Each structure stands twice: as structure tokens, then as C-alpha cells.
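Visitor: This is what each chain is made of:
Number of protein chains: 2
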Amino acid sequence: MTVLAVDLGGTKVAAALVEPDGTVVEASRHRAPTGEQASTADLEAAITGVVRDALAAAEGPVTGVGLAAAGPVDEAAGTTSPINLEALHGFPLRDLVADAAGGLPVEFRRDGVAIVLGEHWLGAARGYDDALGMVVSTGVGGGLVVGGKALGGNAGHIGQIELSGYTGSVSLGRTTMLESVASGPHTVDWARTQGFTGATGEDLGAAYRSGDEVAVAAVRRCATAVGQGIGSAVALVPVSIVVLGGGFTRVADDFVPLVQAAVAAHPLPYVAAARVVPAGLGGDAPLVGAAALMYRRDLLP
Amino acid sequence: MTVLAVDLGGTKVAAALVEPDGTVVEASRHRAPTGEQASTADLEAAITGVVRDALAAAEGPVTGVGLAAAGPVDEAAGTTSPINLEALHGFPLRDLVADAAGGLPVEFRRDGVAIVLGEHWLGAARGYDDALGMVVSTGVGGGLVVGGKALGGNAGHIGQIELSGYTGSVSLGRTTMLESVASGPHTVDWARTQGFTGATGEDLGAAYRSGDEVAVAAVRRCATAVGQGIGSAVALVPVSIVVLGGGFTRVADDFVPLVQAAVAAHPLPYVAAARVVPAGLGGDAPLVGAAALMYRRDLLP
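Taken in order, these protein sequences are the chains called Y and P. Take 18 as the starting number for the first sequence in my numbering and just add one per residue. Take 18 as the starting number for the second sequence in my numbering and just add one per residue.
Think of the hints as simulated: they come from the structure by calculation, not from any bench. Don't take each hint at face value.
To be verified - Computed list of lysine to any residue pairs in SDA-like fashion (alpha-carbon distance at most 20 Å, straight line):
1. P:K166 x P:D271
2. Y:K166 x P:K166
3. P:K166 x Y:P318
4. Y:K166 x P:G164
All values reported here derive from a predicted model rather than from experimental measurement.
Work out the full structure: start from the sequences and follow the hints.
Guide: In C-alpha cells:
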């Protein structure tokens with residue numbers, strides 16, 4: 018038994034076969050760029066292409082597809098309207114993938130749901146009945162496990178909660194939401210307003226390691242903002258563990274401890290007590306999470 | 018079959034018998050003040066007193082006690098540490114009530130959980146599988162129903178999420194949380210900094226109705242802040258209906274529509290689409306909610 022995992026994000030779509038123990042089949046990995054500039058037809062071709070290519074690597078039967086996509090999603094309709102992929106808004110994504118996969122059953126959910134389910138299945142949230150999984154990357158997103166089950170739909174959409182004391186870049190028309198302040202690109206934007214001359218998260222990470230004052234301030238600002246956002250989220254939905262992933266969390270070796278310190282400052286003791294840990298599944302978290310949608314569909318609503 | 022409902026809050030403790038259809042037995046209503054000045058012994062006597070007095074009015078068997086208390090709670094320990102009742106922190110509340118009630122079974126939960134369960138059972142959230150119940154009063158609190166079941170523990174503790182763009186009064190050491198900005202007393206505080214000379218929510222309501230400019234600004238500020246907080250909460254935990262109760266929501270006839278307008282401005286369509294409605298259970302919501310903890314314990318985790 019093998020499952021096809023598909024992860025659709027703002028910059029790329031990836032697909033691969035994933036074994037029941039969470040192993041990603043190397044030879045089946047395929048990816049294609051997406052991006053704001055892509056047309057609907059471009060995206061359709063990219064998605065169909067990676068699905069077919071990954072399936073072509075199968076050496077045995079494939080039982081289904083776990084499909085994770087950037088949200089907000091409409092699970093009932095099988096559509097998503099990714100904030101950074103306008104051309105896909107309202108597009109019948111689930112049906113497209115089912116067709117490309119020759120009619121295999123498709124379990125379609127938002128990527129944040131997949132991530133937290135994957136971490137609960139095989140990663141850093143194993144054994145925790147209540148967990149927040151979170152990604153800080155091009156965007157900021159997340160998902161929730163409550164009472165041992167994942168919340169579906171758009172639950173965990175943490176990037177669109179408000180923060181106090183920060184003004185970031187415009188995202189969805191607002192500058193004060195967690196994603197506006199603390200996404201990777203918006204953190205780099207802020208550093209540039211303070212004189213930083215680099216252009217990417219990697220540049221910022223290098224400057225941070227070399228002790229550059231602005232880079233240090235930018236990373237701390239991001240981590241503190243993420244910690245504040247987690248504090249509000251955990252006040253509302255208490256969890257004992259927060260799993261933090263996404264490329265931008267690697268901007269600094271002490272990023273996770275910085276976030277932890279901000280969470281620990283929350284005035285509600287049960288919030289301050291929440292542990293913040295790095296994601297256990299690393300770069301494969303999105304694909305393993307998508308596979309978890311099939312392998313652990315018993316934990317979905 | 019009758020249930021004893023007990024509601025412990027920052028200003029009073031109330032108890033009454035509640036019939037299976039949600040009717041509060043008039044002759045069994047008892048209440049006693051609590052308040053920040055009360056000692057542990059005072060509170061113990063007040064709680065024990067109302068429990069015994071209400072039970073004494075029973076004309077048939079009482080099957081159990083639904084006990085709702087201001088949070089944050091520790092359900093497992095049967096204790097609560099109400100933000101505005103220091104003397105009760107860590108006190109074995111559940112056991113005290115069980116003893117006072119002669120050993121009847123006690124279902125103990127945070128008041129926000131009780132409120133949303135009551136509204137789901139017999140109030141404005143009937144028929145909704147996903148709902149946020151909220152109270153704006155001396156404090157700001159709430160509870161959540163997700164997938165037809167209440168979330169337990171401290172889930173829905175909405176007063177301690179951060180807001181952008183507001184500075185209120187100090188609450189739990191912070192001035193930027195929803196409760197710091199939008200509780201009844203803190204809204205009156207803010208109005209007074211703008212020249213308002215009244216002292217209570219009732220005074221503010223009267224001034225609002227007479228068109229007083231500061232009162233109008235204060236009420237709008239409160240409603241907009243509540244709407245922003247709801248927006249963050251619903252982004253994280255999508256619900257289709259938000260039920261708004263608590264004494265301070267009666268400060269203005271158009272308070273609920275003002276909140277609705279602020280929610281409708283959220284940039285995520287599924288958040289903007291959430292309906293905000295007045296609580297259906299009015300002043301009896303806390304007692305009916307506490308009774309729901311027993312009558313609808315099938316919906317508790």
C-alpha cells in the first residue's frame with residue numbers, strides 16, 4: 018500500500034509517493050513552480066504534471082491521494098482560494114487531482130491541517146492529544162489537533178489573527194496581522210526599512226549569524242510576533258505543544274527558543290506553559306502531512 | 018428530574034434548580050456577592066449557602082449539579098483561578114460544591130463553556146454545529162462548540178487574545194488584550210479619559226441614547242474591538258454563528274450590529290461571513306448554561 022501525497026503552495030506544487038511508515042519514495046518526487054504570475058492553465062498543467070509523474074514511479078498499487086493546499090479552502094466544494102495564488106480561486110482542485118490520478122480517492126484538506134496531522138502521526142507532536150502545528154515561511158499558517166482529532170476546514174488559520182504593537186507589510190489589505198508582520202518576506206521587508214541591504218531570508222540568516230544589529234532586531238521581532246500570535250491562539254484553543262516549522266524558522270539557530278520565550282511571557286499560566294518545539298519532519302513535513310490525510314483519515318472530522 | 022445549576026463569577030455566585038426544558042425554578046433562585054474583597058472563607062460561605070438554599074427548594078429528586086465558574090479552570094483538579102477572585106485561586110471548588118450538595122455528581126466547567134452549551138441547547142445557537150458564545154460584561158469570555166461538541170477546559174478564553182490598534186486598561190498586566198480594551202468597566206474607564214463623567218455601564222448607556230459624543234465613541238470603540246477579537250478567533254476556529262451576551266451588550270440597542278459590521282470587515286471571506294446574534298437566553302444564560310453541563314453532558318469532551 019502506497020499513498021500519493023500532493024502539496025500545493027504559493028511557490029510550488031510537489032508530489033511524491035509515501036509509504037505507510039512515512040518514507041517518501043525518492044524516485045517519485047516531482048515538483049513544479051506555481052507563483053502569483055502563473056495563469057490558471059499554467060497551474061493546471063503544473064499540478065497535473067507532478068501528479069502523473071509521481072504516480073508513474075509507483076511499483077505497486079496506490080490506494081489514494083492526500084491533497085494539501087494553501088487556504089482558505091472550501092472542503093465541501095473541493096476548492097481553495099490561496100491568498101497568494103489568485104488564478105486558482107474557486108478552481109475545482111480536488112476534481113483536477115482526482116482526474117489526473119485516474120480516479121483514485123482524494124482526501125483534500127488545507128496544508129495547515131496536513132502539517133499538524135503529520136507531526137501528530139510521526140513528528141514532534143506524537144503522543145499529544147492537543148497540538149498547534151505552525152509554519153513560518155512565505156506565509157504564516159497552521160492547523161490544530163484537539164482531543165486527539167484534527168480540526169478540519171480553515172481551523173488553525175493563524176496568519177490572519179491580529180497582533181498588538183506591530184505594523185508590518187500589507188497582506189490581505191492589513192498590516193497588523195501575524196502574517197503581515199512575521200512572514201519571511203515581510204520580515205526581510207522590515208529589515209530593509211531599517212537599512213538591511215540583503216534580499217532573502219537566507220541573506221538575513223547570514224547577517225544574523227554574523228551579528229548584524231538590524232538582522233538581529235528583525236529576527237527577534239519576527240520571533241516575538243510569532244510568540245504573541247501563538248499566545249492568542251493558545252489562549253483560545255489550549256494546547257500543550259506547539260510545533261514550529263517552515264523554512265523561515267531556520268533563519269536563526271535560536272529562533273524556536275526566542276518564540277518560546279515570547280509565549281512564556283503570556284499572562285495566562287496555561288498559555289505560558291505551552292511548549293514550543295521545532296517540527297520533527299523537517300523539509301518533508303508538507304508531503305508526509307499530505308500522506309497523513311490518507312493514512313490517518315481516522316483523525317479527520 | 019431536576020438539576021442544580023451553579024454559576025460562580027467575579028461579582029456574584031448564583032444557584033437555582035433548572036428543569037429539563039431549561040425553566041429556572043423561581044422559588045429556588047439564590048445569589049450572594051463575591052468580589053475581589055472577599056476572603057476565601059467569605060467565598061466558601063457564599064457558595065455553600067446558595068447551593069444549600071437552592072437545593073432546599075427542591076420538591077423532587079435532584080440528579081446532579083452543573084457548576085460553571087469564571088476561569089481559567091483546571092478541570093482535572095476541579096479548581097479554578099478566576100482572574101478577579103484571587104482568594105479562590107487553587108481552591109477545591111468542585112469538591113466544596115459536591116459536599117454542599119450532599120454528594121451529588123458535579124459537572125464542573127468554565128462559564129464560557131456553559132454559556133455556549135446553553136445557547137447551543139436552547140438559545141440562539143440551536144442547530145449550529147460550530148458556534149462561538151461570548152460574554153461582554155465585567156470581563157470578556159467565551160466558549161466554543163466545534164463539530165457539534167463543546168471544547169472543554171479553557172477553550173474559548175477570548176478575553177486574553179491581543180488586539181491591534183487599541184490601548185485599554187491594565188488587565189492581567191496587559192493593556193492590549195480584548196478584555197483590557199472592551200470589558201464594561203474598561204470601556205467606562207476609557208470614556209472617562211475622554212471626559213465622560215458617569216461611573217457605570219448604565220450611565221454610559223443612558224449617555225449613548227441621548228447622543229453624547231464621548232459615549233457614542235466609547236460604545237463604538239468597544240463594539241469594534243469586540244468585532245476585531247471575534248475576527249481573530251473565527252479565523253483560527255471557523256464558526257458560522259457568534260452568540261453575544263453579557264450585561265454590557267445592552268449598553269446600546271445597536272451594539273450587536275456594530276460588532277457584526279466589524280466582523281464583516283475581516284479580509285478572510287469565511288470570517289466576514291460569520292453571523293453575530295444576540296444571546297437567546299438573556300439574563301438566565303449563565304444558569305441555563307450551567308444546567309446544560311448536566312443535561313447535555315453528552316456534548317462535553
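Visitor: It remains to establish, for every hint, whether it holds in the given structure.
Guide: We went through each hint and held it up to the structure:
1. P:K166 x P:D271: Roughly 31 Å separates the two Cα atoms, so the pair is violated.
2. Y:K166 x P:K166: The hint holds at about 13 Å.
3. P:K166 x Y:P318: 12 Å, holds
4. Y:K166 x P:G164: 11 Å, holds
Comparing the model with each numbered hint stated earlier shows that hint 1 is the single one that does not hold.
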